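A.B. asks: Here are the chains, one letter per residue:
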Amino acid sequence: MSETAKFTDDILTVAREKARQIVEQAENERQRLVDDAKATIAREANDILRNAQAEAEGIKRREVSEARHQVKLLEQSEKDKILTAVLDEVKARVRETARDESKYLAYIARLGADAIRQLGMERVTVHLNAEDLKRIDVSNLTHEIDKHAPSLAKVEISKEPILASGGIVVSSQDGKVRIVNTFEQRFEALEPKLLVQAGQLLFSQK
Amino acid sequence: MSGLETVKIIVDAEKEGSNMLNEAQARASEIRKQVDALIKIEREDRLSVATKEAASIVQRAESEGKSEAILYQEESKQNIKKVLQRASANRAAAVKALFDMIMG
Numbered sequence: 001m002s003e004t005a006k007f008t009d010d011i012l013t014v015a016r017e018k019a020r021q022i023v024e025q026a027e028n029e030r031q032r033l034v035d036d037a038k039a040t041i042a043r044e045a046n047d048i049l050r051n052a053q054a055e056a057e058g059i060k061r062r063e064v065s066e067a068r069h070q071v072k073l074l075e076q077s078e079k080d081k082i083l084t085a086v087l088d089e090v091k092a093r094v095r096e097t098a099r100d101e102s103k104y105l106a107y108i109a110r111l112g113a114d115a116i117r118q119l120g121m122e123r124v125t126v127h128l129n130a131e132d133l134k135r136i137d138v139s140n141l142t143h144e145i146d147k148h149a150p151s152l153a154k155v156e157i158s159k160e161p162i163l164a165s166g167g168i169v170v171s172s173q174d175g176k177v178r179i180v181n182t183f184e185q186r187f188e189a190l191e192p193k194l195l196v197q198a199g200q201l202l203f204s205q206k
Numbered sequence: 001m002s003g004l005e006t007v008k009i010i011v012d013a014e015k016e017g018s019n020m021l022n023e024a025q026a027r028a029s030e031i032r033k034q035v036d037a038l039i040k041i042e043r044e045d046r047l048s049v050a051t052k053e054a055a056s057i058v059q060r061a062e063s064e065g066k067s068e069a070i071l072y073q074e075e076s077k078q079n080i081k082k083v084l085q086r087a088s089a090n091r092a093a094a095v096k097a098l099f100d101m102i103m104g
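Top to bottom, those sequences are chains A and B.
Residue 1 is where the first sequence starts when you use our numbering, and the numbers rise one by one after that.
Residue 1 is where the second sequence starts when you use our numbering, and the numbers rise one by one after that.
Isolated chain A (complex conformation):
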């Protein structure tokens, strides 16, 4: 090979090698960018799936939680219906008792005697509703009260009726101090205890 041919061959060999390196470098760079991008895309895809899983769990939890809430409301509503019905029946039965004069007389006499003890006064006034004022014999009532609280106080029956479905109110003569033992007051005062007791008796698992 002549010197010239060797020289030109060297020029072309160097150029070919440089050209190969330029392309190779570009391909390597492309591969690195693609690999990096794939890793980033995989992370993005995983994020999408992870978010979907979290959302899915939330959806399931919400569905079941909503169902639980609905069931609780239904259960409470049904229990309330029964409790209300029982309390209404009790109230009706109490009012029914007021029609049995002998039992009722003994009952309000006992309530009256309790009130007289609480008042601790020498003279007291007993108040009844209009119906009781008409049908109950006043002397019988004072006699019955005296049986439960003998000689504690002189009892006077007020002619002014009270507004109540039954029961008794005992007051000082001037009316400033009153012990109220009407049915309504007893229902109101006992209601929390009645509800607890009814709940236990009706719904207890035992």
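Some clues are possibly wrong.
Chain A stretches covered by chain B per the calculated footprint, using a threshold of three residues with CB under 8 Å from any CB of chain B [said to hold, decoys possible]:
#1 137 to 145
#2 149 to 157
Here are the simulated EDC-like pairs of lysine to aspartate or glutamate, each with C-alpha atoms no more than 20 Å apart in a straight line [to be verified]:
#3 LYS40/B to ASP36/A
#4 LYS96/B to ASP137/A
#5 LYS147/A to ASP137/A
#6 LYS72/A to GLU68/B
Honestly, the hints are just simulated from the structure, not real lab data.
All values reported here derive from a predicted model rather than from experimental measurement.
Just so you know, even glycine gets a beta-carbon here, dropped at the ideal spot from N, CA and C.
Here the structure of chain A is known, so what remains is to put chain B in place on it, guided by the hints.
C.D. replies: This is chain B only, laid out in the frame that chain A set:
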């Protein structure tokens, strides 16, 4: 071979080498240009699959959640029915106990 011919051969060889480098640069530019498009396609494909799968996961969860809720409600309604039956059976005793509390 004359000196002029020798110089011409060398200049031609340098031209050819220069062309080789220019072609290589052009090829390298082409390769770099392809990267963005390649990544765009990869992202669209992969994220499209992931998005579809995600929608399917959520849809399945809605369906499973509804089924679980229905099952829970059915079981609970049976339990409530038992509670109410027991309450009905205890009702008379409860009325008597409450009546006694009021009548004291």
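A.B. asks: Next, verify each hint and record whether it holds.
C.D. replies: Now for the hints, and whether the structure bears them out:
With a threshold of 8 Å between beta carbons, the proposed coverage of the region 137 to 145 of chain A by chain B is violated, since 0 of its residues qualify and at least three are required. Taking a C-beta to C-beta cut-off of 8 Å, the region 149 to 157 of chain A contributes 0 residues in contact with chain B, too few for the three needed, and the coverage statement is violated. For a cut-off of 20 Å, the pair hint linking LYS40/B to ASP36/A stands: about 13 Å separates their Cα positions. A threshold of 20 Å between alpha carbons decides the hint, and for LYS96/B with ASP137/A the separation of about 29 Å lies outside it, so the pair is violated.
A distance of roughly 15 Å separates the Cα atoms of LYS147/A and ASP137/A; the hinted pair therefore holds under the 20 Å criterion. For a cut-off of 20 Å, the pair hint linking LYS72/A to GLU68/B stands: about 16 Å separates their Cα positions.
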